[in-house]
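Enquirer: Spelled out from the first residue to the last, the chains are:
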Amino acid sequence: MASVPISEDSRFGLRRQVRLAGPLHLSSGARLGPIDIAYETYGAMNADKSNVILICHALTGDQYVASDHPVTGKPGWWWRMVGPGKPVDAARHFIICSNVIGSCMGSSGPASVDPGTGEPYAMRFPVLTIADMVRAQAALLDHLGVDRLTAVIGGSMGGMQALTWPTLFPDRVESCVVIASTARHSAQNIAFHEVGRQAIMADPHWRGGDYYADGQIPSAGLAVARMAAHITYLSEAGLTEKFGRRLQGRDAKTFGFDADFQVESYLRHQGLSFVDRFDANSYLYITRAMDYYDIAEDHGGSLARAFAATGARFCLVSFDTDWLYPTAESRVIVHALNAGGAQASFVELSSPFGHDAFLLECPELNRVVDGFLRGGRA
Amino acid sequence: MSAALRPDLALIARTVRQSARVLDVGCGDGALMAALRDNAGADARGLELDGSNVAAAVGRGLSVVQGDADTDLRYYPDASFDYAILSQTLQTTRRPDLVVEELLRIAAQAFVSFPNFAHWRGRISLLWGGRMPVTRLLPDTWYDTLNIHHVTVDDFRALVKERGWHIDGQWFLKGDKETTHANANLFAEHAVFLLRK
Numbered sequence: 000m001a002s003v004p005i006s007e008d009s010r011f012g013l014r015r016q017v018r019l020a021g022p023l024h025l026s027s028g029a030r031l032g033p034i035d036i037a038y039e040t041y042g043a044m045n046a047d048k049s050n051v052i053l054i055c056h057a058l059t060g061d062q063y064v065a066s067d068h069p070v071t072g073k074p075g076w077w078w079r080m081v082g083p084g085k086p087v088d089a090a091r092h093f094i095i096c097s098n099v100i101g102s103c104m105g106s107s108g109p110a111s112v113d114p115g116t117g118e119p120y121a122m123r124f125p126v127l128t129i130a131d132m133v134r135a136q137a138a139l140l141d142h143l144g145v146d147r148l149t150a151v152i153g154g155s156m157g158g159m160q161a162l163t164w165p166t167l168f169p170d171r172v173e174s175c176v177v178i179a180s181t182a183r184h185s186a187q188n189i190a191f192h193e194v195g196r197q198a199i200m201a202d203p204h205w206r207g208g209d210y211y212a213d214g215q216i217p218s219a220g221l222a223v224a225r226m227a228a229h230i231t232y233l234s235e236a237g238l239t240e241k242f243g244r245r246l247q248g249r250d251a252k253t254f255g256f257d258a259d260f261q262v263e264s265y266l267r268h269q270g271l272s273f274v275d276r277f278d279a280n281s282y283l284y285i286t287r288a289m290d291y292y293d294i295a296e297d298h299g300g301s302l303a304r305a306f307a308a309t310g311a312r313f314c315l316v317s318f319d320t321d322w323l324y325p326t327a328e329s330r331v332i333v334h335a336l337n338a339g340g341a342q343a344s345f346v347e348l349s350s351p352f353g354h355d356a357f358l359l360e361c362p363e364l365n366r367v368v369d370g371f372l373r374g375g376r377a
Numbered sequence: 000m001s002a003a004l005r006p007d008l009a010l011i012a013r014t015v016r017q018s019a020r021v022l023d024v025g026c027g028d029g030a031l032m033a034a035l036r037d038n039a040g041a042d043a044r045g046l047e048l049d050g051s052n053v054a055a056a057v058g059r060g061l062s063v064v065q066g067d068a069d070t071d072l073r074y075y076p077d078a079s080f081d082y083a084i085l086s087q088t089l090q091t092t093r094r095p096d097l098v099v100e101e102l103l104r105i106a107a108q109a110f111v112s113f114p115n116f117a118h119w120r121g122r123i124s125l126l127w128g129g130r131m132p133v134t135r136l137l138p139d140t141w142y143d144t145l146n147i148h149h150v151t152v153d154d155f156r157a158l159v160k161e162r163g164w165h166i167d168g169q170w171f172l173k174g175d176k177e178t179t180h181a182n183a184n185l186f187a188e189h190a191v192f193l194l195r196k
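Chains as they are written, first to last, in numbering that gives the first Met the number 0: chain A, 0 to 377; chain B, 0 to 196.
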């Protein structure tokens, strides 16, 4: 797409990358620096810098929230939420979306070269947390000259970052939109992630993470990890409606182990196409960060205390068929916010699509987010 | 805007003082909250059971949480609001007495409005027709009404007395007009009470 520079400032625009000296002080106690951050910005900051929105992406997402993906060629992953006439609109907002650290789309991660050794970090990359991802975003905002966010918005792992923002930087966030997310990873969430990690590490090509040199990547393990995770993003009813027990390109069962069923074929496709765009070690690191995520634990066991210092407004949305981060998880957050007297909105929306609903067509979601964002300026 | 409000809500909107902190329990699509915000500078929060109502209210920029008056009020801290409002919701709760107790814990004062089941039309329907009343105000049949605790003005007064709550104000409505306090239990279609502990 033709990018018309709104500003001559090279910090702003599509497909940006910056190297920040750091070091970033990580939750583990380790330090990381320098750090690369790949990001995109859309629109322009207004005179008093009061229109800045940060969009946070999910586990396998990236910074291409509203522009075509350079690898897959697909439209931005949240074009339904971010774009002309959408709740987040570059005509009104200055929008930032950055690749989380630990990922593999241009921000520092295990596939990045360790400046200390000249080799990829691989498993020598420090273990990260969601809070570390947010600290990196804050460092990017400093670089961009942004003090305060009018809103930070995310779904799933993006929602975890959005919810972490006001706990780490209570004065830098005016409002917070958390969709299909949670304040902590449950045992079930951790369990599914462990299945994915074990699939990767059991792949003989993984080799302790040192697979970057010869191009023999643990693609089978990563594909299985993706397949298992993908099931958790969908609802049982959605799978039944989409595939049922229908067979794939055949009239009868083969009495073998080909992908007889459409749902098998679909999952295999999801797994195979994923390995072309995602690094297996990044998958290990990011799922680990999600598993370590528990905002209350970081605040003496009290979720309400985590939000005590912020004056931010909150909007939480869950979906009735999401069993990965079910409505009860959002209610836990809402109750903590109510206990602290925060301005909070919460609604459970109806969708047949399970956890993935936040990425799909949902006019009610857009209506809620749009109203919430405009409500702050009333 | 308040011209379009339901009469009991308009009455409450007129009575709430400027810049108050208000919790509207069973806020519907947020019509009263919006009026209080726009006309009285209120810091209004809402609780509503129905998801599409919540979406509509949040869509108009209001802070509304989807939840249940019977179970979710306990998450609100003591004395955190100037007013709690329970309009046309009392009779739908499982334990109206406990809900009002919670309102008076959370807020300094509580508006409680409800349809008066002792209005003479209902009495005639039951006395002469022998059937549960289905009237303009109570349009639902007995088997699909949300009203599970039918209450009269005198019932409510008795509850107030029994619990030792104080009545700071009371209003009675017939249609969209205020009506006399005399024989309210017979002639009022709606009652609005302002209580404190």
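Just so you know, these hints were derived from the structure itself, not from any lab. Check each hint, because a few of them may be wrong.
A few chain A residues that face chain B, going by a derived Cβ cut-off under 8 Å, partial list only [stated by the list, open to error]:
hint, residue
1, SER27
2, VAL112
3, THR116
4, GLY117
5, ARG312
6, PHE345
So the derived list for chain B, only partly shown, Cβ under 7 Å to chain A, looks like this [to be verified]:
hint, residue
7, VAL53
8, VAL57
9, GLN65
10, ALA78
11, TRP127
12, GLY129
13, ARG130
14, THR134
15, THR140
16, LEU145
This one's a predicted model, so the numbers in the text were calculated from it and none came from an experiment. Just so you know, even glycine gets a beta-carbon here, dropped at the ideal spot from N, CA and C.
Enquirer: May I ask which of the numbered hints given earlier this structure violates, with the numbers listed in increasing order?
Expert: Going through the list in order, the structure violates hints 1, 2, 3, 4, 10, 11, 12, 13, 14, 15 and 16 and respects the others.
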